[in-house]
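A.B. asks: Since chain A is already given, all that's left is putting chain B on it; use the hints.
What follows is each chain in one-letter form.
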Amino acid sequence: MKTTISFFAAVLSLLLAAQVLSAPREKKAQKARQPLDVSRGTIKIIKTSVTPDYNLPWIMKDPQTSVGSGAVIKGGYILTNAHVVSDATYIQVKKESDPEMYEARIVYIGHDCDLALLKARDERFYRNTVELELGGIPELQSRVTTFGYPMGGSRISITEGITSRIEIGEYSHSGSVSFLMIQTDAAINPGNSGGPVMQNDRIVGVAFQASANSDNIGYMIPAPVIEHFLGDVRDGRYDGFPTLGVFTETLDNISYRRFLGMTDGQSGVLVSIVIPGGGAESSLQPGDVILSIDSVPVGNDGTIAFMQGRIFYSYIIDCKQIGQEVAINVLRKKKPVRVTYRLKSYPSRISWFNEFETLPRYCIFGGLVFQTLSKEYLMTWDKWWQTADRRLLYYYSYYMSDNLFPERKEFVVLNRVLPDESNTYLSDVHDRVIDTINGMKIRSLADVVEAFKKPAGGFHVIHFDGSSFPLVLRVSAIGEANARIKDKYNIPSLMRLN
Amino acid sequence: MRAIFRIMFLLLLSALLSPGAYASMEDRVVNIIVTAQKQDYSSPWQRGDIARSTATGCVIAGNRILTSSYSLTDHVVIEVMKNGESKKFPAMVVIKDYHSGLALIKPEDESFFNGLKPAALAPAWKMPGREGKVYKWDSMSSFKEYNAGLTKSSIRFYEPNSGVLMHQFSTSMNDGGNGEPVFIDGMLAGVTTGLSNETKTLYAIGIEAVHRMLKDMADGSYDGIPFFWVDTADLQSDPTLREYYGMGEGDTGVLVTDVPSGSSGSEVLKKNDIILSVDRVSMDDSGMYESPYGKLYYYGLLQINRYVGETVSMRIVRDRKKMDVRFRLKPIPRSYSIIPLISFDSPPAYYIFGGIVFQELTMGYLEAHGSEWKQKADKRLLYYYDNLKAISSSGEMDSVVIVNRVLPDTVNQGYQYYKDLVLLRVNGVRVRDLPHFKKLVEGSAERFVVLDFVGETTIVLDRKLAMERAQELKQTYNINSTEYIPGD
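If you read the protein sequences in the order shown, they are chains A and B. All letters in the first sequence, in the order written, are residues 682 to 1179 by my numbering. All letters in the second sequence, in the order written, are residues -13 to 474 by my numbering.
Bound-form chain A, shown alone (with noise of 0.2 angstroms):
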């Protein structure tokens, strides 16, 4: 896996780059029309966040200040990246030429394809600026160039690169998402996000994010997602990418294909798994081959043709929005079969994606903290992948594969207890992953709630997934424990389940 990080500068680094040059703009070869002054449409962002603790659900981390990239497009939208902007509680916004710091405000933001739409509250932001138009994918070895507001200095920076991959890559703002994504070497930084990459006065990319192992690469959104982004906020709304809703497997070896009856002129990737709700349940079947999507013929290493070259099929996929129409040529049982179906997003019943914009759901019962399990429960860890409960790994990694608990809408996990004197000698438990409270199954948060309501025999009993050992509350504690507990620990609230 590719190890990402964002060029998203913390505001210390304003103090260390106080003489960023703007270089001296090269004259073009001779062209018909003036040059566009595309710095008059490159902005500088300036976020300050907060942030949940999952930890302990209820309380946030303090604020964080970070400067990025953006760019002015038509209608006065200014085009960022989403990580440039998530989390704000509050956004300036600020051009070269103006002394003057705007406030704004985020239109639309797309977490899975790292995208955001800003716009300034006060109108006199936009004297003086150009609206930069979107262009195509530029060609391989062609020059592109990067203008922001690397390592926060306060003057525009623009760098020159070669356009050196065109690939999909994972997005790690979201993380577990591969979209399409250019590769150059220009030399960009940290506060170089959000900021427009051109090539011929036209925006060819949004510079987001750089490769953590080697040098002077540097990757850019491409035009087809961003062009993806604004027409599904064109109804008002942000819906996401689509899924194809299954899991393929390549077709690389012969004598699979043999066995599946494909014929040398076929070629395609095998369905290994049907994702339950993924929009694909009534149409695709575990071990039918996806011989074309939408006509386009998918190799048997699971690519299409793309430009001079190829690339993974799961780009028809991106280029599609939710809700429209899919039609798959399938190899079932050794015999053509053509299906369509509307596209659907992502269901997810332990998520996979870094969370935005979003507090975490719990609910706090005689001082036991019961949350649901996720990648930000999971990131709590240090070196999380390493280091978190084996159990909340495997379930978190093989919950889809292995049809972990299909019951169960979400997982729900007692985080930890707090301490308080009707629960001390629960007070080590921590981690678990609930299965039945009172003898209620848990299959949700709220299921939790209920299940409270529910005691036998003046005790509560909680039961996890692993051990026949049960957590036993009195009943008649509870109720005083609760206040105590908010008090002491000085929670507003004992839950919070939407």
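Keep in mind the hints are simulated off the structure, nothing from the lab.
Covered stretches of chain A, going by a simulated chain B footprint (3 or more residues, C-beta under 8 angstroms): (1) 925 to 938; (2) 1063 to 1072; (3) 1140 to 1147.
Using 20 angstroms as the maximum straight-line C-alpha spacing, the simulated SDA-like pairs for lysine to any residue come out as follows: (4) A/Lys1014 with A/Leu972; (5) B/Lys450 with A/Ile935; (6) B/Lys424 with B/Met453; (7) B/Lys257 with A/Val1142; (8) B/Lys201 with B/Trp111; (9) A/Lys1064 with B/Ser357; (10) A/Lys1056 with B/Gln361; (11) B/Lys256 with A/Asp1146; (12) B/Lys201 with B/Val79; (13) A/Lys1014 with A/Met943; (14) B/Lys365 with A/Asn1084.
Under 10 angstroms between C-beta atoms, here's a sample of chain A residues computed to sit facing chain B: (15) Asn981; (16) Asp982; (17) Leu1152; (18) Leu1154; (19) Ala1158.
Beta carbons: idealized from backbone N, C-alpha and C, even for Gly.
C.D. replies: Below, chain B alone, put in the same frame as chain A:
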């Protein structure tokens, strides 16, 4: 030169100062040289590193040498030396018991014992004192004595839940814990099996385990420590839990949380039983009972000087009622766990088909990920390890057959990055273990071998093609055999 003289002088001096102790112990303590070869779990067709190490043994009655079994792990050659002489006597293993931590070895040439004397064993449950002496041979010819003060006695566990009475001594020893005898008042009181250099703590198996082993083998067959694989949890004096389970005033005990099939007592104990006492010896809410060595965990009542075939009675609380249950102590079965917990020096079983290396998941395989294996191994395999008892007794599987790696070849194109996959079925038949897998593959009449793995991954191989490629794969990857299946 001067330094050497000084050392020699000191040696001479110390020999003169305590002639009694030295003279009496040198002929009871022998030096053991172990040549061991590690198993290679990642390339199971070959063997790993060869290393020589030294351990210490103590002569006991019947011309046998007592030492720690873990000092002899994966041995290829064992040699013994005595009295600082350079002659090496090849020795053979009489018993190497990884459940008790003890081993008995015997030189092939009985003349080795000329001039040696058996040590007197301290009686069971009567520690002759708290100040001990530990002995070993250093660099062949110099005999060393260290003081060892008894600090604590407790039950510690070898797999599978084999409770052993372990004494901890504080010591100035820097290098040890490899079978050195601990003498107290001239009697053998323990066999060391570990040394923590940080805390300067020497761990020694109590003499009770030695008595148990000698008595166990006296009839010519060695049954080993009784098998008790039941899991319990402490009630921790929690009044709510005690009331919930209907425990009376003054009743104390531990809660049964898992009863794997095959364990002694599995036919009478149930989940949620509370064990109050074992053979009328009661325990507290932490499972501890009073013993001559202070408080010990109740496994001591089932495993220290207990023998297979004996009957145990337990007083329990079940469904809020007190009752007595009785059961016979069973031996540790050959297989009881889906992941074998001890390798018993045997090399990993494997079966290569179509360049895909299939193996059984073992502790050795997990531990081959390094000391941080609990962080680095595949999360699904770790889940099996963490839920070993529950999965083992569910009967879902006998062992976990996994893909260790794929040796790239035309026949397995497209599968070459597969690793740590858990095999479920071959052509629709549930795979029990590696021998069963081999039978299914080789006995199949189908053109294709369809391998279904946990997590909805499938591999299809052309059976004939995969067989044909075996010879060339062996040559390319320098593999002497495409399989090792013990007992096959």
